[in-house]
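Got chain S; can you put chain C on it based on the hints?
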Amino acid sequence: MKKLDRYGYVFIAPFWVVFLTFSIYPVLLTLYYSFTNYSGAEGEQIVGLANYTRLLGDSYFIEAFFNTIKIWGVNFALQIGGALMLALLFSDLQLKLKGLAFFRAFFYLPNLITISSVALLFGILLDWQHGSLNMMLLKVGLIDEPISWLTQPVTAQLSASLILTWMWFGHSFIVVMAGVSGISKDYFEAALIDGATRWQIFSRITLPLLKPILLYIMITSLIGGLQLFDLPMLLTDGLGSPDGALNTMVLYLYNQAFKYNNYGYAAAVAYGLFIITLVFSIVIFKGMFRKEQAEKKGA
Amino acid sequence: MEQNAEARRLVPQTEEPKRQLRRPEQPTPPAEKRAWFGKGVIYTGLIVLTIICFIPFLMMLTNATRSNEEVLSGFSLLPGTSLAENYAVLSDYVNIWSGFKNSLIISVLVTLLSGYFSALTAFGFAFYQFKGKNALFVFMLVMMMVPGQLGLIGFYELSKNLGLLDSFIPLIVPAIASPFVVFFVRQYIQTVMHPSLLEAARIDGASEWRIFHTIALPMMMPAIATMSIFTFIGSWNNYLMPLVLLFSPEKYTLPVLMGFLKGSQVAENLGSLYLGIAISVVPIMIAFLFLSKYIVSSISAGAVKE
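Protein chains in written order, with our numbering: chain S, 1052 to 1350; chain C, 1112 to 1417.
Among the hints, erroneous ones may be present.
[Claimed, not checked] Straight-line C-alpha distance at most 27 Å; calculated DSS-like pairs for lysine-lysine:
#	chain 1	residue 1	chain 2	residue 2
1	C	LYS1244	S	LYS1054
2	S	LYS1236	C	LYS1404
3	C	LYS1362	C	LYS1212
4	S	LYS1147	C	LYS1404
5	S	LYS1236	C	LYS1150
6	S	LYS1262	S	LYS1147
7	C	LYS1150	S	LYS1147
8	S	LYS1262	C	LYS1404
9	C	LYS1271	C	LYS1362
10	S	LYS1236	S	LYS1147
11	S	LYS1236	S	LYS1262
12	S	LYS1337	S	LYS1121
13	C	LYS1271	C	LYS1212
14	C	LYS1150	S	LYS1149
15	S	LYS1310	C	LYS1362
16	S	LYS1310	C	LYS1271
17	C	LYS1404	S	LYS1149
18	C	LYS1404	C	LYS1150
19	S	LYS1337	S	LYS1262
20	S	LYS1054	C	LYS1242
No lab work stands behind these hints: they were computed from the structure.
Just chain S, with the same shape it has in the complex (with noise of 0.2 Å):
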């Protein structure tokens, strides 16, 4: 028995070979470069923190920031409320919505196609003059001018977002979805024959059942979110334009590395893009914990 318990390792050692090599080492190299001046040639330098203390001072860094969560803010906003009233609607034991599988399939369907795809796609169908959108817009008559979506900074800002929020909002509806129907249907039974109102059922049972769920989806929905890449680069110039509001923090490790060869000062935007990944997702999973002992200590 001991003996063949080595088999254990000779298992498990394809995946740690190339666990090492592709996963562990090129984050530990990316380590080294973020305190060196590594253009891309041989015989960098090591300079110690300056590109950590250029960082917090960059400018374009920090709006990076802002655009990418606001990006994602409103975005996850609208996707979560979108996902928990649908799902709501086709849960609700009085309704009995017919359809689930048809609807649910048509919401979900823009999140299988490619971003890319997307964002070339959306870049057309926004177009000031000849897009679309506008076209369609006028010709109902819901606006006399055409819009230049893309090249103010707010209405772009506010197409990248409502774009991913038609991508997404379909994905969260099927979690959402699964979540309540984990929920014991005799909670809502109960409720019903105690005379619970739809809002009493959704902020008594559901919403406290579905927090691990929301939870997840909020966690998940970050990371993407703040690694956005595709879509600025392929919603507009590749730049961030129009004057940076589409620039978000993995566009700008992009152009710092290999557009301006910066791979040192990219590797430290690498890193800080990480931390923040790693503060908010403590931050999302400390809230939700206090709350939860709050409650707790409340009841």
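Just chain C now, kept in the frame of chain S:
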């Protein structure tokens, strides 16, 4: 809000009998009529939402069949007659099918490697006792939280030093180590496979490899299939890595080709550009038509398992 306040007043238990008395009166005809009306509004809203989800694709499809002048001149949801011309212009500049082929090769190999080796690793972690097992597992879980971009620069340098730039290898081989899939499959196998099964097979004289291939692997298939969907979609949609690693247009994957399309001459003919996007999108839609139920249940399973 008002309704809410009233509801809150109803909560104290002393009022319970009153509510129970009132309850049977509710399903009277007017209430039902109101519910029917409400349902109509809800269905209308849902259909509007469905249209919003689909209309960009519809615009894409119709514009793909219209000439550049037609697209520029106005909006229409009626198809045009320039599909062949648009395709001719498109294929003059880019070979979109080669992007398709490349994406397919990479995604299929990634999915297979990730599925097989994750199962192997999960099996090793689940059924063997060896030194450092728990530490390794925890380390793997911690590394799971690290976003992919963190190692991007190091990964690029590594590929450069290994002479692997502009090749598919750095896009495929790393799939052997997919921590999340390992984690998911291990959780699954521990619930469905009892260690006594392993013992029984050993007594019957099966080798460890044989046990893995003929007993464990088939049992893990549902979990592997679930994860494979995500692995495939993730790999198919991956843009940043191939963008950084691939230089020759004939090796471009579909997402990179989309970016290439944007900067190329094709972009001057909007009909062709729409067609290029449509070609990248339509096969996914067709696949989704057949797989939607399966994909939806995988998403649900992946989320609830956590």
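Outcome of the hint check:
1. Note on LYS1244 of chain C and LYS1054 of chain S: the hinted pairing holds, with a Cα-Cα distance of about 16 Å set against a maximum of 27 Å.
2. Proposed proximity of LYS1236 of chain S and LYS1404 of chain C is supported: the alpha carbons are some 23 Å apart, at most 27 Å.
3. For the hint linking LYS1362 of chain C to LYS1212 of chain C, the alpha-carbon distance of about 9 Å falls within 27 Å, and the restraint holds.
4. With a CA separation close to 20 Å, the supplied pair LYS1147 of chain S and LYS1404 of chain C stays within the 27 Å bound.
5. With a C-alpha separation of about 21 Å, the suggested pairing of LYS1236 of chain S with LYS1150 of chain C holds against the 27 Å cut-off.
6. This hinted pair checks out: LYS1262 of chain S and LYS1147 of chain S have alpha carbons roughly 24 Å apart, not beyond 27 Å.
7. Straight-line distance between C-alpha atoms of LYS1150 of chain C and LYS1147 of chain S comes to about 9 Å, which keeps the hinted pair within the 27 Å bound.
8. A threshold of 27 Å between alpha carbons decides the hint, and for LYS1262 of chain S with LYS1404 of chain C the separation of about 26 Å falls inside it, so the pair holds.
9. The suggested pairing of LYS1271 of chain C with LYS1362 of chain C holds, with an alpha-carbon distance near 17 Å, which does not exceed 27 Å.
10. Distance check on the hinted pair: LYS1236 of chain S and LYS1147 of chain S sit about 13 Å apart at the alpha-carbon level, within 27 Å; holds.
11. For the hint linking LYS1236 of chain S to LYS1262 of chain S, the alpha-carbon distance of about 17 Å falls within 27 Å, and the restraint holds.
12. At roughly 22 Å between alpha-carbon atoms, LYS1337 of chain S and LYS1121 of chain S fall within 27 Å of each other, so this suggested pair holds.
13. Between LYS1271 of chain C and LYS1212 of chain C the CA atoms are separated by roughly 24 Å; this keeps the pair inside 27 Å, and the hint holds.
14. A C-alpha spacing of about 10 Å is found between LYS1150 of chain C and LYS1149 of chain S, which places the hinted pair at or below 27 Å, so the restraint holds.
15. Between LYS1310 of chain S and LYS1362 of chain C the alpha-carbon distance is near 21 Å, which keeps this suggested pair within the 27 Å criterion.
16. Among the hinted pairs, LYS1310 of chain S with LYS1271 of chain C is consistent with the structure: their alpha-carbon atoms are about 17 Å apart, no more than 27 Å.
17. Our distance criterion of 27 Å between C-alpha atoms is met by LYS1404 of chain C and LYS1149 of chain S, whose separation comes to about 16 Å.
18. A threshold of 27 Å between alpha carbons decides the hint, and for LYS1404 of chain C with LYS1150 of chain C the separation of about 25 Å falls inside it, so the pair holds.
19. With a C-alpha separation of about 13 Å, the suggested pairing of LYS1337 of chain S with LYS1262 of chain S holds against the 27 Å cut-off.
20. This hinted pair checks out: LYS1054 of chain S and LYS1242 of chain C have alpha carbons roughly 13 Å apart, not beyond 27 Å.
Every hint from the earlier list agrees with this structure, and none is contradicted.
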